[in-house]
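Protein chains: 2
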Amino acid sequence: MLGLTILGNNSALPAFDRHPTAQVLTLEDQLFLIDCGEGTQMQLAKYKIRRSRINHIFISHLHGDHYFGLIGLITSMGLLGRTQDLHLFGPEPLQAIIDLQLKVADTALPYQLIFHALRGDEVIMQEEKIKVSCFKVSHRIDCWGFRFDQVKAPRRINPDNTRKYEIPAAFYERLKWGEDYTTKTGEVIKNEWVTEAAPRARSYAYSADTIYNEALVEKVYNVEVLYHETTYLKDLEDRAALRFHCTTTQAATIALKANASQLLIGHFSSKYETLDLFEKEAREVFPNTLLAIEGVTYRF
Amino acid sequence: MLGLTILGNNSALPAFDRHPTAQVLTLEDQLFLIDCGEGTQMQLAKYKIRRSRINHIFISHLHGDHYFGLIGLITSMGLLGRTQDLHLFGPEPLQAIIDLQLKVADTALPYQLIFHALRGDEVIMQEEKIKVSCFKVSHRIDCWGFRFDQVKAPRRINPDNTRKYEIPAAFYERLKWGEDYTTKTGEVIKNEWVTEAAPRARSYAYSADTIYNEALVEKVYNVEVLYHETTYLKDLEDRAALRFHCTTTQAATIALKANASQLLIGHFSSKYETLDLFEKEAREVFPNTLLAIEGVTYRF
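Protein chains in written order, with my numbering: chain A, 988 to 1287; chain B, 988 to 1287.
Chain A with its partners taken away, still in its complex shape (with noise of 0.2 Å):
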């Protein structure tokens, strides 16, 4: 399953209770906070989604609503006395506001706050199933997105075929991923007789604040859900570019030229009460475009 929850959509003010950027993204059973405006850990209370299921948080940059709500949460995790490791993705500042924080607080966390500093465009993460990339942007001050790779896709078992060979459910796991099974006699049963060939692997990328830059195109190509802010609609183009930002038509023709299968948009400013034009916009450019609402979870 690739999911996303939206904890905040707003760009730097909070406005018209539209909550500044955080979002929480499901894949392979796992749960990736990405970004972490002030508020976040209220967010995902009123949500319902378990702190302790959130062991990987990436934060894109050090302006306020984007990692405000950060300590907050770190702390608290303290304070219901989590032990399991925290991994955190973010800028190399971070470490210091956090480690100054903690210090002046006289706390010490319960569990591993694991810090990983981003550095250019590299692999961060990379386990069985997920690999996880950062890659610069192009903003006032450092910036990253984020990109999230199923590494295969498991294969989809014919369960007619299964019967037929007698293959014990207990090796269904591994015949997903590709092995042959051995009866008892020494048969050997092909993985493809009982399986069929896996689906296109499932990829969220996370472009976070930047000013239009067709560079974005190829670090982004071919992902099957891509995020990119729409700060402002498209008749703002010059004020967009001049505070590093994006609007509508420009974030879907990234979306276009990247060859993605769905945009999804957000990080709306602040002098928009209402969001439809930003959907029409986008639209116009990219047909397959959702707008990212605060509380929805998008099941792709």
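Do not rely on the hints blindly, as some may be mistaken.
[To be verified] Here are the simulated DSSO-like pairs of lysine-lysine, each with C-alpha atoms no more than 27 Å apart in a straight line:
no., chain 1, residue 1, chain 2, residue 2
1, A, Lys1035, B, Lys1033
2, A, Lys1258, B, Lys1033
3, A, Lys1151, A, Lys1163
4, A, Lys1258, B, Lys1139
5, B, Lys1139, B, Lys1123
6, A, Lys1258, B, Lys1090
7, B, Lys1258, A, Lys1033
8, B, Lys1258, A, Lys1090
9, A, Lys1151, A, Lys1171
10, A, Lys1090, B, Lys1123
11, A, Lys1033, B, Lys1033
12, A, Lys1035, B, Lys1258
Bear in mind the hints are in silico, worked out from the structure with no lab data behind them.
Fit chain B to the known structure of chain A by using the hints.
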């Protein structure tokens, strides 16, 4: 008017939709923000308190539930184009935390943020009509309470007599502060002929987070309204002491010994879903007790 709006009344962990500590005191038409837990800027918006009216912020100590919302508020004030000075009173390391967070964001505030480090027990603000003092309380880390005193309450005008002596309305403000009036013909109208004695000067004390310590009594002596933390009910006195907090009975005892007129209790532990027992227990010792309820403005 002595008014107090509760923006958050919970201790360390946000729970049951209760936010961490923050409150706005209104005295002599000034708004003072006392502590600033995560989400305070959203709470200010929710309860329609204009950020621009706040010129003084007081931070008691550097546990996150009392200040994690400060940096977001400060930067939002900047984004909103604030130009008037903002005075911030807090423990000395707070300045380094703010400076570091502004620096990594490459943010220059468009207004003067004037930081006043708290030292011991001292007067930290002295204006014509208001005096603010801080006093050390006994917590796990350095922690201060704040006391706000109206320097002198204005005398009450007797409208029958001002009419009788034909004193122009433009002079009323000076009458309130004790001046005599001299007529065009040189006749002196004594102030006491046309005004009545001032009521008791208003005062408010916020005792922050503290273990039970009777040294507090003289610091808040004779205060009109005392806010005192009650993290726990009375049966958890040992736990309260272990964590440098107080129970209902302890807070009420301080109010009684300090000869306060009114006690307001808050900073409830997230282990309690309902709060009625807090009120009941405190009133057994100090009947004039109110619960600090989020979103309520108390007018004393």
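Proposed proximity, Lys1090 of chain A with Lys1258 of chain B (alpha carbon, max 27 Å): 26 Å, holds
Lys1035 of chain A paired with Lys1033 of chain B [C-alpha distance capped at 27 Å]: The given pair, whose Cα atoms are some 22 Å apart, holds under the 27 Å limit.
Distance restraint between Lys1090 of chain A and Lys1123 of chain B, which requires alpha-carbon spacing of 27 Å or less: 20 Å, holds
27 Å limit on alpha-carbon distance, applied to hinted pair Lys1139 of chain B and Lys1123 of chain B: The hint holds at about 25 Å.
Satisfaction of hint between Lys1090 of chain B and Lys1258 of chain A, Cα-Cα up to 27 Å: 26 Å, holds
Agreement of Lys1033 of chain A and Lys1033 of chain B with the hint, judged by alpha carbon distance not exceeding 27 Å: Holds, at about 17 Å.
Given hint Lys1033 of chain B paired with Lys1258 of chain A - CA-CA distance at most 27 Å: Cα-Cα ~17 Å, so holds.
27 Å limit on alpha-carbon distance, applied to hinted pair Lys1151 of chain A and Lys1163 of chain A: Measuring from Cα to Cα gives roughly 17 Å; hence the hint holds.
Holds or violated: Lys1258 of chain B to Lys1033 of chain A, with C-alpha atoms at most 27 Å apart: Judged against 27 Å, a Cα distance of about 17 Å means the pair holds.
Straight-line alpha-carbon gap Lys1151 of chain A to Lys1171 of chain A, limit 27 Å: Holds. Lys1151 of chain A to Lys1171 of chain A sits at ~15 Å (cutoff 27 Å).
Hinted pair Lys1258 of chain A and Lys1139 of chain B, Cα distance within 27 Å: 44 Å, violated
Restraint status (C-alpha distance of Lys1035 of chain A to Lys1258 of chain B at most 27 Å): 18 Å, holds
Of the numbered hints stated above, the single one contradicted by the structure is hint 4.
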